[in-house]
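Participant: Since the structure of chain A is provided, determine the placement of chain B on it from the hints.
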Amino acid sequence: MADFLIQVNPGFIIILAGIICAFVPIHGVRKSLVIIAPIIAGWMIYNALREPLAASHVMQVGPIELITMNFDRLALLWGLVFCLAGILNGLYAFHEKCGLTDSSALIYMGSAVAGVFVGDLIMLFIFWELAAISSVFLIWKGGRKAYASGLRYLAIHVFSGVLLLAGAAMYGQANGGDYTFGLIGLDSPGGVLLLVAMGIKCGFPFLHNWMQDAYPKASVTGTVILSAFTTKLAVYALARGFAGESVLIYIGAAMTVFPVFFAVIENDLRRVLAYSLNNQLGFMVCGIGVGTTMAMNGVAGQVAVHVIFKSLLFMSMGAVLYRVGTAKASELGGLFRSMPFTTVFCLVGAASIAAFPLFAAFVTKAMIISSVLYEHHYAVVLVLLFASAGVMEHSGIKVPYFAFFSHDSGKRVEEAPWNMLVAMGLAAAMCIFLAFPVYGYHFLYSLMPSEVTYEPYTGNHIVTQFQLLFAAMFAFALLKRLKIYPDERRAEIIDFDWIYRRLGYQLVRWTDAMWTRLAFHSGRVRDDVVKHVNARLYHVFSPAGTFSASAPSGLAAVLTGSMLVLVLIVEYLTRL
Amino acid sequence: MRDQTDISTGDDKIHPAARYLMWTANSGVVRNFIRFALGGVTLFFLLQFVFPFTDPKHMAPWDHVPGAWAVIGFVSYCIVVLSAGPLFRWLSRPEDYYGEGGTDG
Chain A
1 MADFLIQVNP GFIIILAGII CAFVPIHGVR KSLVIIAPII AGWMIYNALR
51 EPLAASHVMQ VGPIELITMN FDRLALLWGL VFCLAGILNG LYAFHEKCGL
101 TDSSALIYMG SAVAGVFVGD LIMLFIFWEL AAISSVFLIW KGGRKAYASG
151 LRYLAIHVFS GVLLLAGAAM YGQANGGDYT FGLIGLDSPG GVLLLVAMGI
201 KCGFPFLHNW MQDAYPKASV TGTVILSAFT TKLAVYALAR GFAGESVLIY
251 IGAAMTVFPV FFAVIENDLR RVLAYSLNNQ LGFMVCGIGV GTTMAMNGVA
301 GQVAVHVIFK SLLFMSMGAV LYRVGTAKAS ELGGLFRSMP FTTVFCLVGA
351 ASIAAFPLFA AFVTKAMIIS SVLYEHHYAV VLVLLFASAG VMEHSGIKVP
401 YFAFFSHDSG KRVEEAPWNM LVAMGLAAAM CIFLAFPVYG YHFLYSLMPS
451 EVTYEPYTGN HIVTQFQLLF AAMFAFALLK RLKIYPDERR AEIIDFDWIY
501 RRLGYQLVRW TDAMWTRLAF HSGRVRDDVV KHVNARLYHV FSPAGTFSAS
551 APSGLAAVLT GSMLVLVLIV EYLTRL
Chain B
1 MRDQTDISTG DDKIHPAARY LMWTANSGVV RNFIRFALGG VTLFFLLQFV
51 FPFTDPKHMA PWDHVPGAWA VIGFVSYCIV VLSAGPLFRW LSRPEDYYGE
101 GGTDG
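Residue numbers (my numbering), protein chains in the order written: chain A, 1 to 576; chain B, 1 to 105.
Extracted from the complex, chain A is given alone in its bound form (with noise of 0.2 Å):
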């Protein structure tokens, strides 16, 4: 039994359960299934870490080979942390009475783990989209308001996932057949197509939109789940077929670096969430492309640790949501009144995401800045080392501030329900366990894809990620002394998306409304014209007309000797 397992990939279990999900209509028995099945993908990847040879399948599909099951160190962590946070999620939506929202959760975070586990690219596709189709419910579940931006998500992942598709057969047709999904490169045009696929699904500067768009319009439950999942997936994917690519250390350093000056002027503290993980991801591919033994590293438990910061931050923003009704900054304030304990868990996770020591982040950010670093690009250093004090004001300051702190807005509100708590309380206390000096990050370490030699807690490296975070502190109470710093006011901020959400749909809009007055305009010309032509060869082909006049077949002469002459030119060239 347990062999059989060993070679199942363990996403399949956890779509099985959403299915299932579907037809049940008992609360409780969905979401036991919604907690039970991520802890059972979870041990049979233990199970596969005891045995990793043993953990493969190849499925025989026509003249392709389709690896269902390949587990290796590098799908690992990914795999293990994909369930951590399918568990956590479970238990934030504990509450909540929705059998399409624990079916679409589950059968979402089943196609990502599905997706890590898989070994070609063709099944890496049939994930991808899966992924993508699931999950728009759960931006759909957050109301008439969210539906355009569901449409949008939708289209563009589903545009991602035809983009793979293409890469995926250009590349295997230039390697004999072989769609292994190993490293790929930038050498072929399959290659550069699954590079804009993957960077489509994370993030890339100008491809970024659909986050933004989305994960703040989806239900309080559906953000959290949303930001485990589809991102990281594509981490996954880049890490795996383009580590080392040179190009991306750019893109990761301007993905770093544009979203923090949106968060700054963001109003709704989840978009805010939303600029945050697209400036995180960017560290993360910062690191796929200097790819060396540490950078893959530090991507890998950046993304472990990053799963359960910001699920945490977005739970702690969900809760003020669900019990307030607004998560807009300029509409909080003073809520660590009504909601102690969600306060000390969003702190946790600002200080995970902002790299305190003692706290997430400072044990694996630093690999990727440490690996730049080694590599000279200094330049790249400084960009990243710019966004983490980005990163201090957005995550670290802003939204807890906001939020909890800042003014008194009056508002009294119950603290956020039992299940909540319990889920954040689990992430912030992996948010310290991860990072805590004593058996804490040796067990992240554990779990990496290569031995780790990386030493977080030196003399320096404390003092200086000290010096960095206490500075942007200091700066933020002198510009709040002077009054310099802004105050959050209600307002759109518009951002790339402006070209295809206002440019385009006016655009689109002018050309419509311009096609229906030609076609009015031109229609009287179109029927003039007709009603002219009808009349010469009526006069020219009827019987009283010219041609019969001469010739008493008419009309059915000239049609016959067309007809002759169109099958004359089409034998022709179809001998060709």
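Don't read these hints as lab results, they were simulated from the structure. Take the hints with a grain of salt, since some may be wrong.
As the list claims (entries may be wrong) - Going by beta-carbon spacing under 8 Å, a handful of chain A positions derived as facing chain B: (1) 56; (2) 151; (3) 261; (4) 264; (5) 392; (6) 460; (7) 467; (8) 492; (9) 494; (10) 508.
For every residue, glycine included, the Cβ atom is placed at its ideal position computed from N, Cα and C.
Facilitator: Leaving out everything else, chain B in the frame of chain A:
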């Protein structure tokens, strides 16, 4: 989707556990936060002399300058925040600009 029960504005609904955090609303604490942050910067600037970089092969050019990370943090933070004003004027539009409603479910 949400449960906005009992959004009141009185102090009768303050959570019992919140009393452990009430110090954060103390005006003295808020006023003196800047001193705490400055103290932290000073402390870790001095500690850099105790824990200097030891591996010259793995040092950035600015790592030779004591306090460089603090300067980077301060300047970067100021650039981000000071850019907010012009960026907001450039990029902000009315909330229903796209005609799809806001983001709050």
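Participant: Are the hints correct? Go through all of them and say.
Facilitator: Here's how the hints hold up against the structure:
Below 8 Å, beta-carbon pairs count as interface contacts, and residue 56 (chain A) has none with chain B, the closest being about 38 Å; its hint is therefore violated. At a threshold of 8 Å, the smallest CB-CB gap from residue 151 (chain A) to chain B is about 11 Å, leaving the interface hint violated. At a threshold of 8 Å, the smallest CB-CB gap from residue 261 (chain A) to chain B is about 6 Å, leaving the interface hint in force. Against a cut-off of 8 Å between C-beta atoms, the interface hint on residue 264 (chain A) holds, since the closest Cβ of chain B lies about 5 Å away.
Residue-level restraint check for residue 392 (chain A) holds (minimum Cβ-Cβ distance to chain B is 7 Å; threshold 8 Å). A distance limit of 8 Å between C-beta atoms decides the matter here; for residue 460 (chain A) the minimum to chain B is near 5 Å, and the interface restraint holds. With a least beta-carbon distance of about 4 Å to chain B, the hint placing residue 467 (chain A) at the interface is held under the 8 Å criterion. Taken as an interface hint, residue 492 (chain A) checks out: its beta carbon lies about 4 Å from the nearest beta carbon of chain B, inside 8 Å.
Checking residue 494 (chain A) against chain B: minimum C-beta separation of about 5 Å stays under 8 Å; hint holds. A distance limit of 8 Å between C-beta atoms decides the matter here; for residue 508 (chain A) the minimum to chain B is near 14 Å, and the interface restraint is violated.
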